[in-house]
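All chains, full assembly: derive it from the sequences and hints.
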Amino acid sequence: MSKQRIGLLCVVVIAITIGTLSIVAFSFPQQSSGGAASSIILAGTIKSAAGQALEGVVISAKEEGKTITTSVFTDEEGRYYFTPLAKGHYQVWAQAVGSETAHSAVDLNKETQKDFTLKTIKDFTKQLSGPEWMMALPEDTFEHRRMKAIFRNNCAGCHQPNFVLQNRFDANGWRNIINVMERIGIYGDPPRLDQAPMPLIRAFKEELVKYLTEMRGPGPSPMKFNLLPRPRGEAARVVITEYDVTSNSNPEEYVAQNGSDWSEGPASAYQSRGPHDAEVDANGFVWIVDSQDNPVRTISRLDPKTGAIKDFKLDGRGARKGIAMRSHGIVIDNKGIAWFNADGGLGKMDTKTEKLDWFNPPPTMARAGGTLDVDAQGNVCVSTNEGAIRFDPTTNKFQEFKSVTPGNEGRTYGVAVDSEGNCWWAQMNYDIMGKSDIKTGKSLEVKFSRRPGLVELATNQDRELYAIAHADWNSSPVWQQGPRRLGADKKGQNVYVANWWGDNLARIDIKTNEVKYYQHPNTEGFSGVYDSVVDKNGKVWVNLMNADRVARFDPKTETWTDFMLPSLGNETRFIAVDNNKPTVEVWTPYWRTNRIARLQFRTDEEVRATKAKLQAQR
Amino acid sequence: MTENTHRHISESLESYRSGRITRRELLQSIIGVTGSYTTAHLFLERTGLAATLISTIEAQNANVDAETVKYPSGRFEITAYLVKPQGTGKHPGVIVIHENRGLNEHIRDVSRRFAAEGFIALAPDLLSRVGGTGASTGRRPAGPVDEADESGRTAGDVTEAIASLPLSAVIDDLKAGFEFLEKNPAVEPTRVSTVGFCWGGWRSFTLATALPKLSKAVVFYGSSPDAGFEKIQAPVLAHYAEADTRITGNALWTKKMMDSAGKKFQYYIYPKTDHAFFNDTGNRYNSEASKLAWQRTLEFLKS
Numbered sequence: 000m001s002k003q004r005i006g007l008l009c010v011v012v013i014a015i016t017i018g019t020l021s022i023v024a025f026s027f028p029q030q031s032s033g034g035a036a037s038s039i040i041l042a043g044t045i046k047s048a049a050g051q052a053l054e055g056v057v058i059s060a061k062e063e064g065k066t067i068t069t070s071v072f073t074d075e076e077g078r079y080y081f082t083p084l085a086k087g088h089y090q091v092w093a094q095a096v097g098s099e100t101a102h103s104a105v106d107l108n109k110e111t112q113k114d115f116t117l118k119t120i121k122d123f124t125k126q127l128s129g130p131e132w133m134m135a136l137p138e139d140t141f142e143h144r145r146m147k148a149i150f151r152n153n154c155a156g157c158h159q160p161n162f163v164l165q166n167r168f169d170a171n172g173w174r175n176i177i178n179v180m181e182r183i184g185i186y187g188d189p190p191r192l193d194q195a196p197m198p199l200i201r202a203f204k205e206e207l208v209k210y211l212t213e214m215r216g217p218g219p220s221p222m223k224f225n226l227l228p229r230p231r232g233e234a235a236r237v238v239i240t241e242y243d244v245t246s247n248s249n250p251e252e253y254v255a256q257n258g259s260d261w262s263e264g265p266a267s268a269y270q271s272r273g274p275h276d277a278e279v280d281a282n283g284f285v286w287i288v289d290s291q292d293n294p295v296r297t298i299s300r301l302d303p304k305t306g307a308i309k310d311f312k313l314d315g316r317g318a319r320k321g322i323a324m325r326s327h328g329i330v331i332d333n334k335g336i337a338w339f340n341a342d343g344g345l346g347k348m349d350t351k352t353e354k355l356d357w358f359n360p361p362p363t364m365a366r367a368g369g370t371l372d373v374d375a376q377g378n379v380c381v382s383t384n385e386g387a388i389r390f391d392p393t394t395n396k397f398q399e400f401k402s403v404t405p406g407n408e409g410r411t412y413g414v415a416v417d418s419e420g421n422c423w424w425a426q427m428n429y430d431i432m433g434k435s436d437i438k439t440g441k442s443l444e445v446k447f448s449r450r451p452g453l454v455e456l457a458t459n460q461d462r463e464l465y466a467i468a469h470a471d472w473n474s475s476p477v478w479q480q481g482p483r484r485l486g487a488d489k490k491g492q493n494v495y496v497a498n499w500w501g502d503n504l505a506r507i508d509i510k511t512n513e514v515k516y517y518q519h520p521n522t523e524g525f526s527g528v529y530d531s532v533v534d535k536n537g538k539v540w541v542n543l544m545n546a547d548r549v550a551r552f553d554p555k556t557e558t559w560t561d562f563m564l565p566s567l568g569n570e571t572r573f574i575a576v577d578n579n580k581p582t583v584e585v586w587t588p589y590w591r592t593n594r595i596a597r598l599q600f601r602t603d604e605e606v607r608a609t610k611a612k613l614q615a616q617r
Numbered sequence: 000m001t002e003n004t005h006r007h008i009s010e011s012l013e014s015y016r017s018g019r020i021t022r023r024e025l026l027q028s029i030i031g032v033t034g035s036y037t038t039a040h041l042f043l044e045r046t047g048l049a050a051t052l053i054s055t056i057e058a059q060n061a062n063v064d065a066e067t068v069k070y071p072s073g074r075f076e077i078t079a080y081l082v083k084p085q086g087t088g089k090h091p092g093v094i095v096i097h098e099n100r101g102l103n104e105h106i107r108d109v110s111r112r113f114a115a116e117g118f119i120a121l122a123p124d125l126l127s128r129v130g131g132t133g134a135s136t137g138r139r140p141a142g143p144v145d146e147a148d149e150s151g152r153t154a155g156d157v158t159e160a161i162a163s164l165p166l167s168a169v170i171d172d173l174k175a176g177f178e179f180l181e182k183n184p185a186v187e188p189t190r191v192s193t194v195g196f197c198w199g200g201w202r203s204f205t206l207a208t209a210l211p212k213l214s215k216a217v218v219f220y221g222s223s224p225d226a227g228f229e230k231i232q233a234p235v236l237a238h239y240a241e242a243d244t245r246i247t248g249n250a251l252w253t254k255k256m257m258d259s260a261g262k263k264f265q266y267y268i269y270p271k272t273d274h275a276f277f278n279d280t281g282n283r284y285n286s287e288a289s290k291l292a293w294q295r296t297l298e299f300l301k302s
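From first to last, the protein sequence lines stand for chains A and B. The first sequence begins at 0 in numbering that gives the first Met the number 0 and counts up one residue at a time. The second sequence begins at 0 in numbering that gives the first Met the number 0 and counts up one residue at a time.
Under 10 Å between C-beta atoms, here's a sample of chain A residues computed to sit facing chain B:
| # | residue |
| --- | --- |
| 1 | Arg-191 |
| 2 | Leu-192 |
| 3 | Pro-198 |
| 4 | Leu-199 |
| 5 | Ala-202 |
| 6 | Asn-428 |
| 7 | Gln-460 |
| 8 | Glu-463 |
| 9 | Leu-464 |
None of these hints come from the bench; they were simulated from the model. Heads up, the beta-carbon is just placed ideally off N, CA and C, and yes, glycines get one too.
Set out below in structure tokens:
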């Protein structure tokens, strides 16, 4: 697909979506702080240095000393309208790739208008998103196509591709980087005891060194940058609120370089990461689980009105005493119970009473892994190394389901419970979906086909290698689909699987087990289809980890709509929907930069109402 | 250890002593009450039952002589399990290098099997520098996930202790073991080889880069060294498990390195097997693959 066509497709998709949204009920997104009397609308215009109105520029506002950032985008006339903000002193900044970040201090007690002029800059590489880097990797020769695919499937799964490609090194520099990468754990943790390197990374090391030195070495590079179109239409009407989460090692600290200023490039995750999954309860509180060892929190609660974080700890057992039990995934059932994994067991938090509990699977079963879902009766499905376990909260008993094809340890990842109560789990390195048949108690499996169009990028020598070095964590043959996480339509008969390397959503019909693949439109960009969730309207939401975007897939029209996040290098690994709100809201934690974002969607009418309020305000 | 557990183990040991149950059944019984494979092995090491009761009975059954020996390695003293064929004559030697679980009944059993095949086998406890596999740590057991009896190392302790060993120290202790075996008048000094499993497989291969006198090296599902292939004199044989991607996936790279250095390297990948498939006391044991790997190992070492 040509670069021009991608741009066109995005525009078409957004235009289609605008039409469908006119039926959505009017519900003005509530602002994060302050009541109507003490809040005010900030608006303005963004222009280029040549005086041209700029559409789709992101404007962010953060009150001094606070932890909440609100962002909106300019419309086709270059105008932006915040929803009401609490009066106070704010830092406001405007960003577009290719322009210098424009900053301004705004006193909302006095000003309600702030215009910006953006100056273009020559070197905008630090600002680029993962897909913009991937699209710039040339595909003119077989070798370039092959090496791009090898880079894509081995170097852009533990972190976003822009984190890698923002750097330039000579051959020795790249080799030193890969020497570390071939052994380091997926969280950047120390190598395995046996020091065994990732086979594919080791095998391709010298070719990758040569390739990366050609693309991002000291000499001239064949990379040519084509920027993704800026948001417009519906995608430019979204209001995004980002909350800074306190550090898990020191609840007084927040991350300094957090991606909010793109000119700094994607940040290091060192000592900053943590919030992996998060769910919203019926009272609007957000429950966050933290995947990093720490002394403070197993689970924490965010109050979106104030940004306050409250930590809760389940103390580790035995040698882990003093360390908080480590969690990763969370789900909230319809009684308001939050279930999460914790040190191989199942954690339980009553979101109303804040009572914590912990259940240990029997020693004959595999330990609880990192992802969970729940059925309408409250039965919890949890991934394990060997498949899944199901917990019945009325009897406190576990039931085990083992994968038909036994997997390597730890490679079973996402789970979802379908509308019939069957648990599905993803065997990412085998391109297999496991399924527990609740009626018979047996395990089944559904196999995915290879991603088309990529098999021919493997040489005979590559094939010989792939025959014995199968996919591992974030390292795979070029044709791998990589089912990572999934969501089920609780009212329908489909499960939607986010295929990481496949760059698609696989829809599985739970009655027939038939699979249909829906490719994300930006096939060159490797946007990173990571997790999916189905909202109350049957729409499928996906976090695009590599793109710093969220996408909505409409199964009826089979179209995708992308929504850009206001920060860069967030490394989102989960997506949640808040179905309690009249208009669905979407949440996605920023694992890399210790933040969490909420997306609220404004209709045209709602923006017009804001404009009318603005007139009245003035 | 509860009274019930104690009674259960005592009864199982009595059944084993009187020949009513086999070694494998005894192990399964102890695994059943101690909660895990590793804890059961650690119990047998710490109590000395592996080195005394089981060793005596199994050595008799296999017509071999087994004893615990100590040899010097610099300022350290290394404890090892030495097993010899009965009778006189010269025999090839083999150093059996344990997994990351330390010296245990599985490695002792493999050593006895080598002796029954005419080798003098030495299985060093490479944790000797830090007190030995069965040493008491004086720490409380880790809890239900990682349980041990009151005073012994837990599985986590053993892994931690092994992780703390510098590679150079392990190689020194293996070289010292080689010298110890080489000087044994019953050993053919030009025919001393190594066989290593998992963590020990990597050490077996690495020793070949550091010890030109080594006759042959066998690797069971272990990593390859990063460098030093040009220094290897011993032919190397490797057995890999199909599902053990991280280890097995590096076989082609290793072959390429050995070929480039002009060294002999033969590897086999066993279908439908996982890491540790040769360990008949673990849950990944694959009988068919183990028999074939054993036969290939013997042919290689005897050739």
